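Student: Here are the chains, one letter per residue:
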Amino acid sequence: MTTARYRDALKYGAIWVFILVELAFFSIAGEFMSTSDKAFMDFDNMLLLLKQSAPIGIIALGMTIIMINGNIDLSVGATYALAAIVLLDSMTWPALQAMGDWAIPVAWGLALLTGAVLGAINGLIVWKTGVDAFIVTLGSMLGYRGLVFMINGEQPTSHLNWTLVDFAEAQFLGLHTATWFLLITALALWLLMTRTVHGRNAYAIGNNREAAVNAGIRVGPHMVWNFVLIGFLAALSAVVFYSESGSVNPNDGMLFELWAITAVVLGGTKLTGGYGSILSTLGGVIAIQLLRKGLGHIGAATETVNLVIGLILIAVLLLDRQLNRKGQEELKI
Amino acid sequence: MAGLTKQGIGAILAKQGILIAFAIFMIGFALANQRFIAIDNISGVIRSSAILGVMALGVTFVVIGGNFDLSVGSMMSFSTIVVLDLHDKLGPALAIPAMFGLTLALGAFIGFLVGYMKLNSLIVTLGMLSAIHGLTLTWSGGKNMDIADKAGTWFSVFGQGRILGVPVPILIFLGLAVILGITLSKTPFGRKVYAVGGNGQAATFSGIPRARIVFLTYLMSSFCVAVAGLLQASRSLGSQNTVGQGMELEVLAAVVLGGASLMGGSGTIFKTVIGVLILGFIQNGLLLMGLAFYVQYVVTWAIIILAVWLDVAAKRGRLWSPTA
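For the protein sequence lines, the chains are U and L, in the order given. Counted the way this note's numbering counts, the first sequence spans residues 1 to 333. Counted the way this note's numbering counts, the second sequence spans residues 1001 to 1324.
Bound-form chain U, shown alone (with noise of 0.2 angstroms):
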């Protein structure tokens, strides 16, 4: 293998090796500190920790490829409530209740139109005025919440549908419906970035922008579709989170583009583009998770979840950092 390739293999298998690390650590020091007779790697409870990452993972991916391509959302979060609200709520407008339980597919549509919407217009605003993605999205992060208050108000909105939720509760072939919609987004993510001339073109702008107008890629509209996506992929998320929950609160999904980026960027996915791979993003969710889980199960207190995170995301970094600049010295001999 040469150099780079094996970089690449270690830099997208890492995440990887980490998780089985955690899943050891974790058994073992169960084993003595846990409080519960269980076993950490409990089979039911892996299953559990797959479906607990689906919200968070689904958006994830969907940063995977905006990063890729040299931008970021940071209004992912309000995103996400947003549509929950259009889900819930549009079920209660009484053309819908007509309808019996053919309401349930219009909602999910209604509420995925609202994420492709909106993902839209920040491509849309990042593409024609060329101000920074970073910006455009701290701006409509406040925008989007503002919206979420604006058509519900500062209560909950409550609406369970029984048959959502016998829906979002099935298990096929020993899988929740919420890890089948995150396998299934991974899967089709993975195609689209490694198969698709879409994919292609993401990395070649996130590598070199110059370059990629130069060789005629459109860029503008490119950026625009990735938005889309992400936008459609945050309102994913909600559909099968709120489908099972039936309650939303307007400051729900706070925060989500922040775990959303750690995810990402514990995957080895490198901010300034050009880099990553949709599925060490799924590692990299899997991960977190796994750690949440973890210090849970070793009668750790919560909040060292947050402590452990960062301090392992600032981790990744100086590591990152070390095997980057090694490639670059043997780069220039």
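Some clues are possibly wrong.
[Unchecked claim] Residues from chain U that keep clear of chain L, each with C-beta distances beyond 12 angstroms, as calculated: (1) Asp8; (2) Gly13; (3) Thr92; (4) Ala98; (5) Trp127; (6) Val131; (7) Gly143; (8) Thr157; (9) Trp162; (10) Trp180; (11) Ile184; (12) Ala188; (13) Leu191; (14) Leu192; (15) Gly274; (16) Ala301.
[What the hints assert, rightly or not] In silico BS3-like pairs for lysine-lysine, Cα to Cα no more than 25 angstroms straight-line: (17) L/Lys1186 / L/Lys1089; (18) L/Lys1089 / L/Lys1192; (19) U/Lys270 / L/Lys1118; (20) L/Lys1143 / U/Lys293; (21) U/Lys128 / L/Lys1315; (22) L/Lys1192 / L/Lys1315; (23) L/Lys1315 / L/Lys1271; (24) L/Lys1192 / L/Lys1118; (25) L/Lys1271 / L/Lys1186.
[To be verified] So, partial list: chain U residues that the calculated Cβ filter (under 8 angstroms) puts toward chain L: (26) Ile125; (27) Arg145; (28) Leu271; (29) Val305.
Just so you know, the hints here were simulated from the structure itself, not pulled from any lab data. Quantities reported herein were computed from a predicted structural model and do not represent experimental measurements. Here a beta-carbon is modelled for each residue, glycine too, at the ideal position from N, C-alpha and C.
The hints should help you fit chain L onto chain U, whose structure is shown.
Tutor: Showing chain L alone in chain U's frame:
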């Protein structure tokens, strides 16, 4: 229209656009509601903006130096909780310097990672946002922190006191703004911050110690956070663990609204103060018009994007981005 005229207008808008927008806003609100320009209302707005404002002053240094600081919100929660906790354990006279020491240590840690280790500031401070939140929760055990004897402590003077009729938070905010404004615009250190943010490599070649300057900007930022934590703790004399949550982005919005470029190298303390005041007055003006607090979010969104768009458009000389 001739390109020159358009560019001329653009340049004026870019330089003074934020002040013009501010003036239009104030006049509009004042016409809509007389109470808006009453002295006590204006003083109330500045007072409630003081905590955000003090944090924005520090972040201005970091942003001009070409970096981000997303950790100020959770760091402010930390200093608030720590000073409240130590107030009852050590007494206020010792609690305040102890809190400043701890907060500065956090700032020094971030400054070390970003300045000397040259790590990406966005991710480092994102990590620290989470880590410091964890630290705060560990310190407090997840419980709200309250001062036992709320009536009998002189500690409340910073947040609630008045000197010659002027609320102390306003004095601290404006005093700090003047001192930091002079530091940034009139001292060698300030010029070096601009140089490092404008072109880091050129700064290094001309002998400016880039790492140390970046380190110092984070130290400044954490000092301002400590002051903000002091104001917050003293104003409420009790606090939740999440008191500063989300403020990092509001602070950044204020700094950007003031016209500082996130690429570094531009911005001033004065404009940041204007940015903070605009956010404060919008909130207040909309509330006085009888609108709910969340309407300001949507208005702020539009204003941030318009402000930055005008700035970018003036620099490139055309309104719309040429990107295909």
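Student: Enumerate the violated hints, using their earlier numbering and listing them in ascending order.
Tutor: 5, 6, 7, 16, 17 and 18
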